[in-house]
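Student: Now for the letters of each chain:
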Amino acid sequence: MSASSLRVSAPAVALRRTSTFGKSLRAWLPAVPCFVFLIAFFCVPVVEILQTGMVNADGHVTLDQFRRMTNDLVFAKVLGNTFLISGLTALSSVVLGFPIAYFLSQLSDRFRERWMIWIMVPFWTSYLVKTFAWILVLSKTGILLTLAVSLGLVDDPSALAPSMLGVMIGMVHAMLPLAVINMLPIMRGVNAQLLQAAETLGANRSIAFFSIFLPMAGPGIAAAGLLVFITSLGFFILPALLGTPKETMVAQLVISAINDLFNLPYAAALSTILLIFAVAVFMLYDKLVGLSSLSGETRSAPKRNSSTFVTAALIAIGRACSAGYGAGGPALTRVKGLKLYSVLTVALLSLPIIVVFPIAFTNSPFLSFPPQGFSLRWFDAFLFSPVWQSSFLRSFGVAIVTALASTALGIGAALALTRLPARWTKPVFAFLLAPLIVPRIVVAVGLFYLFSRMGLVGTDLGLTIGHTVLAIPYVVVTMAAALKRFDWRLDDAAKILGASAFARLRTIQLPMMIGSVAAALQMAFIISFDELTIAIFVSGGMKNTLPKQMWDDMILQVNPTLAAVSLVMVIVIALLVLAPSLYKTFRRR
Amino acid sequence: MTARLQTIAISKHYDSVTALSPTDLEVRDGEFLTLLGPSGSGKTTLLQILAGLVEPSGGRLLINGKDATHAAAGERGIGMVFQSYALFPHLSVWENIAYPLRMRKTDKAAMASAVKDALEMVQMGSYAHRLPRELSGGQQQRIALARCFVYKPSVILLDEPLGALDKKLREHMQSEIRSLHKDLGATFIYVTHDQEEALNLSDRICLMNQSKIEQIGTPQDLYDKPATAFSAQFIGYSNLLSGRVEKHAGDDNIRLCNARFSVPIHVPEHVPAHALLPPDKTPGTDAISLVIRPEEARLSSVDDAYVKGTVREVVFAGSDFRVLVDIGEKQPFLLRCGRRDAPAPGDTVGVTWNPAHTAVVTC
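From first to last, the protein sequence lines stand for chains A and B. Residue numbers are given in my numbering: position 180 of the first sequence equals residue 180, and the series is strictly consecutive. Residue numbers are given in my numbering: position 59 of the second sequence equals residue 59, and the series is strictly consecutive.
The hints are all genuine.
Within a straight-line C-alpha distance of at most 20 angstroms, the following computed EDC-like cross-link-like pairs (lysine to aspartate or glutamate) qualify: (1) K182/B / E120/B; (2) K225/B / E214/B; (3) K152/B / D492/A; (4) K105/B / D491/A; (5) K182/B / D29/B.
Since the hints were made in silico from the structure, they are not lab data.
Work out the full structure: start from the sequences and follow the hints.
Tutor: This is the structure in structure tokens:
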């Protein structure tokens, strides 16, 4: 360690004596590896995509691809579909998620932590597993219809999936946790004393909620909706497996342009359009709540005051809503109703996933419900087939390396963020978040181009690089939040007590933020472990990851092995999500 | 004697905001110097520049006569006690105190005995294995002090270290800090906004206002001979009478006059009387204030009073009464009087004092 501490402190001392220029250079230093990495494996491929879409075979700039699209009815329909589905998903997720987020925001920290587990496990469960579960529930021979028929509720069973309804159910189920997670911080940020103050000033609970709470939480709610919308834009798993061709979304078109049509410029042009919309929506997001809200910071003061008219209207709504209750009544009923609603919704989040479990133990070669007999043959098929085995091990290895690499790179970048002059923090933060904003499919196509030239297609290294690009924003957000909470006076104290920059990192900063570092590692691991988009393009068919293998199987024919795989994946993810609280309980004893 | 620590025109500004105007300050070896001032007066900025936590915008800092303007915080031989204590929450009391020794690669035996000594010095010997959050505020304060002096820095900076404690504990810790200063023989630089604390603790007080040094001197000097109206009002309570200086023929005294009163000004022997007289071109301007401490004034008959007025309020203050007299100025005149001599509100009274126990300040 002494060698490395020398290496760090020697240039630092030299720079300190130069000037403010040297000082600002030193602030950038920890971010350099992350910047270089993102420029090479994110900026270059994405820019190349944009270029490919606009350059024709002769190398001239042309808008032919886009002109073709405007005349293309299929494309117009797909684009319309994408917006319709994403918009409906965002709206439903926010509307359905709002009561839960409000309920959670009013709980004590300890209870909220317990509840969050039931949001986080479905949130981190692979989209593939969730989609598979919905196939089991909604298809013609699925659980829902089987039950309905046996109870005599339905005579003529028509499948709930594939259909638009199926896609919407799947999308909202997948996005609801994201909406809740994003609404929660700003709701918690609303000072409870403000509501109490409103009540002492003569408002009842309902009026206080509508006239004080809602306007203050409003931007956060809108932001959650936008985030769901952006994420939904790039979806392809759910519409492909739960929808009919009528529900095709843009990302599916990109995949088929490359895999079936081998039309790279067309895929590039499609990606460009996705990218433009995603960036536009994100700029709107930034305007509403600010990018920094992603690291848990809530804007203290609203930008503009609500008009008298809006306030009066909100008060009137609150009064109307409370009219039905007697004094003291509404508070109690509300909380009870909220809790019931939250329990039900949370149950609905987990139930479809749990449904997979018994099917994994069926003895029949078909997916039928109720499962027939009991056997472990599908676990056998999973654990001992060389194809599944190698894909599982590959996913595991890639995820571990991704977690380590992205956490190391992300911590450096987050550290630089805290030291940079204020005017730089926002653009730098936006740059580090960009892999989250740019639809995954765009990054994947770009990396496919780049890797095919570098000979990295079909290699574990290529996969790891791609996954690290995706995981960096999550690490940066987690660590930036932790560094913001960190009491820098402790760092000052250590400085005066004689600790070098590296010694402070080792003895003060990292030990105090160990929880956040663990969270970053965990998140990066999960992101890589169930990542499919990059895997589709970069794994090259032979070297499949676990999600890629699942995807290939699901497209061909759903089978009970998938249930066994899903069960294993859910257990791995649940263990990871539960790890911190399990650790806490263990330590308390 | 060379100064332990000296700043030469040291300053700090953030963009257009001046946090500290160019400041010259000499801190003597072994003294207890307090930086006193209201919030925003620049005292904390000055302390942080001394500590090396803030880079000055201009000027120089000498420690033991050597330039340390750009030296790293850890290389200055300075210790600091933070207002929040800044104890490392993940380290035990023992590890907190050992931290600076570890950074200096002290060998194990020396470290153990130094930590033990430091803990005993603050009477916390039995708390070595606690975590900071398991200690009370006063105990945390002691550990912060121990961690600061365990590596024997020659200068110890204390940034409002008692701000978070309640009044009783604060008084107790004041005397502990005072005796610690005596035992260690180190130079203490103490920041506070509490004038009483400053008067109790300091060898010298450096009073700061609007990012400048207002006055520097011993506590008695600052109390008895305030240089400015701000000094007079920030330290203790002062009655300020403003007027112009006049000298009448046939009168040995120079006087402070305005429409309502004419009071003699005591001129100390070493000051030539004409120094106080305003230049002729500005007659009638209220150029001078007379500072009369409440305890120096007394009630008198109206006839031989310097100023007279109506009693506005009489407040019981335990051992005596505080009397507020409306003398026609903006501020009522405050004085104390014995329990048996208290006037009633509405009485017309005179106020008098010994001119030798007043001070003159420019407005």
